[in-house]
Each structure stands twice: as structure tokens, then as C-alpha cells.
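S.K.: The listed protein sequences correspond, in order, to chains A and B. Using the working numbering, the letters of the first sequence map in sequence onto residues 148 to 275. Using the working numbering, the letters of the second sequence map in sequence onto residues 11 to 134.
Note that these hints are calculated values from the structure, not bench results. Keep in mind it's a predicted model, so treat the numbers as computed, not measured. Honestly, I wouldn't trust all of these hints.
[As the list claims (entries may be wrong)] Keeping only pairs whose Cα atoms sit at most 27 Å apart, straight-line, the calculated DSS-like set for lysine-lysine is:
id, chain 1, residue 1, chain 2, residue 2
1, B, Lys99, A, Lys212
2, A, Lys269, A, Lys212
3, A, Lys209, A, Lys269
4, B, Lys99, A, Lys209
Each chain, written out:
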Amino acid sequence: MKNESNSANLIRWFDPRHRQLGTWAFILNRITALGLTLYLILHLFALGNLARGPEAYDGFIKLAKTPVILIGELLVIAAGLIHGLNGIRIALNSFGIGTRYQKQIFIGLMIVVAACLIIFAKSMLFGH
Amino acid sequence: MYDTNPKPQEGAWLWLIKIVAGLLIVVIMGIHFWVNHLVAPGGLLSYADVLAYYQNPAIIVMEILFLIFVVSHAFLGVRSIILDVNPTKVVLRWVNRGLLFLGTAAILYGIWLALFISAKGAGA
Chain A
148 MKNESNSANL IRWFDPRHRQ LGTWAFILNR ITALGLTLYL ILHLFALGNL ARGPEAYDGF
208 IKLAKTPVIL IGELLVIAAG LIHGLNGIRI ALNSFGIGTR YQKQIFIGLM IVVAACLIIF
268 AKSMLFGH
Chain B
11 MYDTNPKPQE GAWLWLIKIV AGLLIVVIMG IHFWVNHLVA PGGLLSYADV LAYYQNPAII
71 VMEILFLIFV VSHAFLGVRS IILDVNPTKV VLRWVNRGLL FLGTAAILYG IWLALFISAK
131 GAGA
């Protein structure tokens, strides 16, 4: 993959054929990374409302509690959990820890993500 | 599973910073998330709550460190993703400059905002 042209590498990212679990873990890690980076930038801009005073910030918080934004937040939480937990596995693997069982660990962590998301969704969408 | 080692153009130090920052984010994000989204009634802090929250110097230090770790990890991660598409040296040089500029700007803006909120709360 390294010696191919840039466009060929990029197109390959979006080709779902012949993928193994490791590749899906890789793709998930990349997609969540890009999503979270975009969220980080938006989050910093949104927090700029704090400098504009209580009306601006509390108005923004009111907007943040609408269902559409809450679903968006749930996606951010999902991305954070997937990226964070998968990232811990990658970090451990990088130091030679758990490499033999990394597929099982990945599946286990994704089950944890799913369980956490159910709890968060219940609390955020139906809790208040 | 895929290769988790640093890429040739990433360098061992940048890779290590990305990994260590990532692990530190997981710890601090737990605290940040708990305070900002779970402790507050209704899920999010109001303006007055944020001002009060930022009166504790330890909180300011924690939030600024969190910002530095997150921005460093995010922008090193974006660079790592760009390396996946095998950019030319010229493109990579501009990517490095752009990410360094944006990352520094984001950190400085975040630090200014944290100190501004803290000062605003102290004067309230």
C-alpha cells in the first residue's frame, strides 16, 4: 500500500470488500479519529460563547439539549468510546502486550462500547 | 490485526507522544466528562456553574493539560492518517506547518478562554 499512488491509497479506504477484522478496527480507529478532531474544533468554537456572556452561553446550552444535538452528542460519545478503548488496545499491543489475543480483546471492547452506549442513550434521550 | 508501530516518517518520539497523550486523555476525559456532563443537573453546566467551576486553580491546570493532550493527540493523529496516503515531501512539509499552526492556535485560544473565564468568575 505504501508504494502506490496517493489516490489509489485513498480509494482503497472506501472499498469494503475483502476486509478482515483488523482492517475494520483500523478503519474504525481512523474514522472516529477524524470525527473527534472535527468535534474538538467545533467544541472549542462553541465554548467561545463563554466569552460572549451568560445569554450567549446559556442560549447555546439550551440548543445543546435539543434532540438532534443530543443524538449528535451520542455519536461523539460512541466515537470517543470506540477510539479510546480501541486506542488502549493499540497502545498495549505496541508495547507487545496482548498481541496474541488482540482480536478477542477488540471484540470484547466493542461489546463494552455497545453496553455503555445503551446506558448513555437511555440516560441522555429518556432520562430527563 | 494492523501494524501499530510508528511509520517511517512519523518518528519514534512523535509516535510515543501520540500514544502517551492518548492514554492521559482517557484518564482526564473521565474526570472532565463526569464533572461537565454527569454532575450538573440536566447534563450540562450553566454559565454561572462554569464560572464557579473555574475558580479552583487545580481545575484550570487540569483543563489546560487536557486541552494540550487532546490537541497534540488529535493533530499528531491527523498527521499519521495523512501519512497513510503516502504524501510527497513537499505536501508533508506544508501539512506539518499547517497542523503546527492550527494546533498552537487551538491551544493558545483554549488557554486564553480558560484564564478569561477564571478571571470573569473571580470578578463576579
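S.K.: Give a verdict on every hint.
M.R.: Structure-based check of all given hints:
1. Lys99/B <-> Lys212/A: Since the Cα atoms of Lys99/B and Lys212/A sit roughly 45 Å apart, the hinted pair is violated (cutoff 27 Å).
2. Lys269/A <-> Lys212/A: holds, 15 Å
3. Lys209/A <-> Lys269/A: holds, 20 Å
4. Lys99/B <-> Lys209/A: Distance of about 47 Å is beyond 27 Å: violated.
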